[in-house]
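Please take these sequences and the hints and turn them into a complete structure.
Residues -25 to -1, 1 to 381 in mature numbering (1 follows the signal peptide of the UniProt record, and there is no 0) are what the sequence shown spells out, letter by letter.
What the hints contain is simulated information worked out from the structure, not anything from laboratory work. Any given hint could be a false lead.
Quick list of the computed label-pair ranges, beta carbon to beta carbon [unchecked claim]: (1) P221 to P381: 17 to 23 Å; (2) V110 to G198: 29 to 35 Å; (3) P127 to P226: 19 to 25 Å; (4) R116 to E58: 43 to 49 Å; (5) T284 to L379: 25 to 31 Å.
Here the structure is a predicted model, which is why all the values come from computation and not from measurement. For each residue, glycine too, the CB sits at the ideal point set by N, CA and C.
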Amino acid sequence: MAERMRRRPGSWACCAVLAAGASLVGCTSPEAGRTPQVVTPSGSATPSSPTPSSPTPSGEPTPSEEPTPPGVPGPALPEATAEPQDVLTGLAAPWDLAFLPGGAVVVTQRDAAQVLLLTADGVRTLTGPGADELVATTATRGEGGLLGVAVPPDDAATLLLYRTTQGGNEVVRTALDAAAGTLGPLAPVLTGIPAASNHDGGRIAFGPDGMLYVATGDASVPGAAQDPTSLAGKILRVTADGRPAPGNPTPDSPVWSLGHRNVQGLGWDDDERLVASEFGQNRLDELNVVVPGANHGWPEVEGAGGAPTFADPVVTWTTDEASPSGLAVTTGSVYVAALRGERLWAVPWADGAPAGDPVAHLVGALGRLRHVAVGPDGALWVLTNNTDGRGDPRSGDDRLVRLLPP
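This is the structure:
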């Protein structure tokens, strides 16, 4: 099975609006006649249309406050609370987000193949030759489309994007001009990743070692996960320009670990251990600690207990309570966004392993959750995923919310 939710018909506009009273800049929508509006919410009521709905900050910065950090300034937001606060609403099948130095936020939209940029000036859909090429050549079918985004740690003017094309999945590079709101021409970084309507992986992240980690799915060919020559069903580790990273288990190979069905979450704990969330098939979803060269067993095993040569997961869930996509790691916890489970799992964490039973938060409150990330403010930023044909959209969906880590 894929992400295991019933499909519902419907067409969803690709637009987003910013809460906290910021102005809208250059946001476009593929749905003719739909014009995003900026509103200042009153109270905590959910808006009746895709409009900004975060509370307005209680005050404006003054010259005596902390200086603006270098980079691209992000939106002015109120203090995060235990309850989720909307940052963006009206998103269309959002998939990933990344933070720029200074606090600006980049969001990908899977089916529209668009990149949004949220800054202190508002939110805009990026344009330019790279944006045009994304829309024209990204194959938005099934679970494929424009998926992951990552910002090189030493180059905030570059975005790396994971996407599906007619020829397969790939990672591409594009120059970001935040001031102009444009993306430069796309350049290939890593190609030849098998693609299918299901099991495309798609999360990319730079590790603490500065290398790029790429999560791939088995592309609906389970045996490919055990084939060391295939890029499907793997976690790959490459340099920023796509070459196999030094220190990989097999020289000249990008494969870091194998035997994966569909990894969509990557993160590192305080001791730089790689943690990954993975969709099972019909029985068990997984949270894994990934070490170089590990074989996680798919398709020979789902969950634990396959063979001594297979690495067992450290946490499993039944598929109806998880379907884990993105994850975030903080000191003491691993947070996992659940699609079918419609909840945010918090796994107590210490010394590279679970330190207690997982605890479910936001159960049913926001619907399907696609991704969770730790923002520069220390809050959790969560993307919902109700408008991709597999959920039950509510007014204002999809949305980006933030809350204090529970």
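So, going through the hints one by one against the coordinates:
1. P221 to P381: 17 to 23 Å: Taking Cβ atoms as reference, P221 and P381 lie about 39 Å apart, which means the hint is violated.
2. V110 to G198: 29 to 35 Å: holds, 34 Å
3. P127 to P226: 19 to 25 Å: holds, 24 Å
4. R116 to E58: 43 to 49 Å: Because 37 Å falls outside the window, the suggested range is violated.
5. T284 to L379: 25 to 31 Å: violated, 42 Å
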